Amino acid sequence: MGRISALFVCLALTLGACGEASDKPATPAATGDESFPVTIQAVNGDVDIPSRPERIVSLSSTATEMLFAIGAGDQVVAVDDQSDYPPGVPTTSLSGYEPNVEAIAEYGPDLVVAAGGSGLKSLAGLSIPLLVHPAAGTLDEAYTQFEQLGVATGHVAEAAEEVARIKSRIDEIVATVPDFAEPPSFYHELDNTYFSATSATFIGQIYELAGLTNIADKADKAGTGYPQLSAEYIVQADPDLIFLADSECCNQTPERVASRPGWDKISAVRNDAVFDVGDDIASRWGPRIVDFLQKVVDAERELEMANQ
Amino acid sequence: MSADIRPTGLRASWLLLALVVLAGALVIGVLVGPVPLKLSGVLRELADRLPFVQLSSGLSEQQSAILWQLRMPRVALAGLVGGMLALSGAAYQGVFRNPLADPYLLGVAAGAGLGATIAIAYGPAAADWPVDPLPLAAFAGALLGVSVTYALGRANLRGRTTATLILAGVATASFLTAIQTYVQQREDDTVRQVYAWILGQLTTASWREVVLILPYLIMSSVAILVHRRLLDMLSVGDEEASSLGVNTQRVRLIIVVAASLGTAAAVAVSGLIGFVGVIVPHTVRLLFGSSYRLVVPLSIILGGAFLVLADLVGRTLIAPAEIPIGVITAFLGAPFFLLILRRSGRVA
Numbered sequence: 001m002g003r004i005s006a007l008f009v010c011l012a013l014t015l016g017a018c019g020e021a022s023d024k025p026a027t028p029a030a031t032g033d034e035s036f037p038v039t040i041q042a043v044n045g046d047v048d049i050p051s052r053p054e055r056i057v058s059l060s061s062t063a064t065e066m067l068f069a070i071g072a073g074d075q076v077v078a079v080d081d082q083s084d085y086p087p088g089v090p091t092t093s094l095s096g097y098e099p100n101v102e103a104i105a106e107y108g109p110d111l112v113v114a115a116g117g118s119g120l121k122s123l124a125g126l127s128i129p130l131l132v133h134p135a136a137g138t139l140d141e142a143y144t145q146f147e148q149l150g151v152a153t154g155h156v157a158e159a160a161e162e163v164a165r166i167k168s169r170i171d172e173i174v175a176t177v178p179d180f181a182e183p184p185s186f187y188h189e190l191d192n193t194y195f196s197a198t199s200a201t202f203i204g205q206i207y208e209l210a211g212l213t214n215i216a217d218k219a220d221k222a223g224t225g226y227p228q229l230s231a232e233y234i235v236q237a238d239p240d241l242i243f244l245a246d247s248e249c250c251n252q253t254p255e256r257v258a259s260r261p262g263w264d265k266i267s268a269v270r271n272d273a274v275f276d277v278g279d280d281i282a283s284r285w286g287p288r289i290v291d292f293l294q295k296v297v298d299a300e301r302e303l304e305m306a307n308q
Numbered sequence: 001m002s003a004d005i006r007p008t009g010l011r012a013s014w015l016l017l018a019l020v021v022l023a024g025a026l027v028i029g030v031l032v033g034p035v036p037l038k039l040s041g042v043l044r045e046l047a048d049r050l051p052f053v054q055l056s057s058g059l060s061e062q063q064s065a066i067l068w069q070l071r072m073p074r075v076a077l078a079g080l081v082g083g084m085l086a087l088s089g090a091a092y093q094g095v096f097r098n099p100l101a102d103p104y105l106l107g108v109a110a111g112a113g114l115g116a117t118i119a120i121a122y123g124p125a126a127a128d129w130p131v132d133p134l135p136l137a138a139f140a141g142a143l144l145g146v147s148v149t150y151a152l153g154r155a156n157l158r159g160r161t162t163a164t165l166i167l168a169g170v171a172t173a174s175f176l177t178a179i180q181t182y183v184q185q186r187e188d189d190t191v192r193q194v195y196a197w198i199l200g201q202l203t204t205a206s207w208r209e210v211v212l213i214l215p216y217l218i219m220s221s222v223a224i225l226v227h228r229r230l231l232d233m234l235s236v237g238d239e240e241a242s243s244l245g246v247n248t249q250r251v252r253l254i255i256v257v258a259a260s261l262g263t264a265a266a267v268a269v270s271g272l273i274g275f276v277g278v279i280v281p282h283t284v285r286l287l288f289g290s291s292y293r294l295v296v297p298l299s300i301i302l303g304g305a306f307l308v309l310a311d312l313v314g315r316t317l318i319a320p321a322e323i324p325i326g327v328i329t330a331f332l333g334a335p336f337f338l339l340i341l342r343r344s345g346r347v348a
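So the protein lines, in turn, are chains E and P. In case it helps, the working numbering puts the first sequence at residues 1 to 308. In case it helps, the working numbering puts the second sequence at residues 1 to 348.
With the rest of the complex left out, here is chain P:
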């Protein structure tokens, strides 16, 4: 069954290329930052962590803390969030056969926004709360948003069109956003913090967030990667897929749940970072091909690379001040995407 569509599948060379791009982005991300660290110092510091290697890096205690506790977790988090958003975007686009679908389509963003706003406005005033309630509330809100959307849209999911689910998402998002705005206006001394969160932030990234998001990213990636061939069939049409023996409803549910869970985790730790979920999968399609067997893995890898580089721009362009990451993704992403679109149009 797979032999006949092999030519459009993932080629090892493309996978290698994507991995090289990601590795390059990660290395540059770690080496460059608002505080200049000596290249040799960073390399020695990294080598020192290898087993059986004892090296004095020449970095001060502060520089070492900057490298290990601030810069590395931030680069790692950017990579994970970028990969997750691109993956979810690709999955939604396939499931809904809608090129404009993005990871926030089904009320994830609005739900997370409401959760975050409530946590900021009414969260425990005591600073001795053991964990930061913000990501947890955002995560819960995101899951709530998707669940409501799914419950509302499910009735017609078996039908010929998935438009119902998308429309249910639009309605849910508007409703949740309305509540969020209301809470925000009632408690307008928290407006600044809410906006800071909505604009997306990797500013305060730490290993804690990396650990928090990692299991969800792995689960979602595996679940979607396993179904990447079925995504190809779904993208042809439900009837065609059914005739090939695919349980379309079940596949769709698994993919939607996996993508939503991953998006919720990403949103919880980094706020709303737009554009990655739309631009990266489409760029992959334009450059390599539209089979989900390559779009899914390459989107994860290149999404990670894209967000690492976007964040690099955000934290160095006007260093030592910061530019919100959401501004950078749209500002860099849109022209880049148009360029690719034009080029591919000419080729075709």
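Chain E with its partners taken away, still in its complex shape:
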């Protein structure tokens, strides 16, 4: 039932008869963009895109945010169930974790963007180009993904502008980082079993920009970037700041953190320096990394005020 109605929506959209498509005139470049065909070197090999894609399916919430940020939103026909930003994205029941190629194919995509390639191999058989953009390890990797999406969608200049905007916003925010005699330490919480992120992840890079010391760095002997810390260690490491990225997934709040046994001995808890940074903002390496950085720096300034 859901699929059938979705199909009708697709048809309606292609005819320009409803939804957003009717509000905006068809892009003139749509039919004759000279820059195509293009080939993109992605982690899943060379991706050939014969012409400017007009029916993009995004299975990655970060890619969705990036596509809309670089002005390719009009070319996106469907996004996965996790994509919820910017407001008004065409969210569907498609899953990025357990992708169903048949359901994807019903949208008639001419480009699929995903964070992982598992389960999507058969797209090749349907001659649908697949661009895999996994979680960025560094900010530079995130910028590269912006640029690749720009090339893939025919928005090269806008992608470059967006990257420049992010870089300059980051510089502006970093300039407001307070001076501490000793860099404060922090614990970034991914879930309520104490998984965290080290400086080797893009999450950790944001904190590095803010001049903070990550307590998870010493704990990543396995080198995954996302170690599970023991509670004993967190209490002993005594972080000055705690950032929660598990308020939505796991209902964690500063109050809940304070009520955990033994955690009342942690400086961050004693000094009310536990901050909710939001699961989504702190887990997507897209345009909103500047918001993430801003939240971190705001927290630092509160800490500085409290210390005075």
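Since the hints were made in silico from the structure, they are not lab data. Quantities reported herein were computed from a predicted structural model and do not represent experimental measurements. Accuracy of the hints is not assured; some may be wrong.
To be verified - Which residues of chain E face chain P? A partial, calculated answer using Cβ under 10 angstroms:
#1 E98
#2 K221
#3 T224
#4 P227
#5 Q236
#6 P261
#7 W263
Claimed, not checked - Simulated coverage check for chain P against chain E, where a stretch passes if three residues somewhere in it have a Cβ under 8 angstroms from a Cβ of chain E:
#8 53–66
#9 192–206
Glycine included, every Cβ here is placed at the ideal spot set by N, Cα and C.
Given chain E's structure and the hints, the job is docking chain P onto it.
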């Protein structure tokens, strides 16, 4: 009646040995952890809690919190969960006369998994919920799983074989797991939390969980310990047991209910920790003998010791990071068990 099977019964020396092993495991578990605490400090801190003793331990407030609020409850919980799982495993193996029976056999695990997944996916979004709904939902799910299995399999329970109940358990588990997987896929932003729970966790152990599981463990242990002689008779065969005047159906029901209740409580606070329920009772059999009069008590004690030590490895091997406890139990348990199996084979 008991005199003729006395030789295979529990010897005081074995009980003492098991208790020494458990005590050793507990002491090591409390002394060793990802955060090094001074041995003298820990001992003084412990002595300080004794009546009429006033000692300054030299531990900081933080170290004291680590010891009392994080490490001790975790060691205690590992001991209780390990004991409970080993006990349930032993009981099921006896009741079903099946050496492969484990505590999760009758749909307990699948039911608890479904309960936990529903709690994670649809649980109260408000953080002001007074208690964590997860263990309660897991417990309810576990009981549901066992009840369905029992209701389905009961029809033939009187019969010559207990296979019906086991098969009913397989069907129930598959059905509940299917629902659980469906819910998990529908709400796939909760996948990480569900997996963390399924892998088994003692990471967030606190005294609250210890208090939660303790009454069930005591009830189950007493109920099964009382029936340990009857388990010996059941293991010979229902007809033989009946001819000796045992109400096999009643005994079986009591033991199954007790073991399931205890397993449900253990699963609710610690997730699914595999292997303990199979490996510990069999190790006891291979080392000491197969009478349930010794297998039951020794499984409780040594199961506790095993899980305390397994958890010790999990929290110290790559400290200050953690390894999921389920990985450790299988990784350590399997080779250890094979070693014992080979040795005992040679002796026999």
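These are the hints, each one checked on the structure:
1. Checking E98 of chain E against chain P: minimum C-beta separation of about 6 angstroms stays under 10 angstroms; hint holds.
2. Given hint, K221 of chain E at the interface with chain P, holds; its Cβ is 5 angstroms from that chain's nearest Cβ, closer than 10 angstroms.
3. Restraint check, T224 of chain E versus chain P: the minimum CB separation of about 9 angstroms is within 10 angstroms; hint holds.
4. Among the interface hints, the one on P227 of chain E holds; its C-beta lies about 4 angstroms from the nearest C-beta in chain P, closer than the 10 angstroms criterion.
5. Below 10 angstroms, beta-carbon pairs count as interface contacts, and Q236 of chain E has one with chain P at about 4 angstroms; its hint therefore holds.
6. Interface restraint check for P261 of chain E: the shortest CB-CB distance to chain P comes to about 4 angstroms, inside 10 angstroms, so the restraint holds.
7. About 8 angstroms separates the beta-carbon of W263 of chain E from the nearest beta-carbon of chain P, less than 10 angstroms, and the hint is met.
8. Chain E is given as covering the region 53–66 of chain P, and this holds because 5 residues of the stretch bring a CB closer than 8 angstroms to a CB of that chain, at least three being needed.
9. Against chain E, the region 192–206 of chain P contributes 7 residues with a C-beta closer than 8 angstroms to a partner C-beta. That satisfies the three-residue criterion, and the hint holds.
The structure fails none of the hints (numbered hints given earlier).
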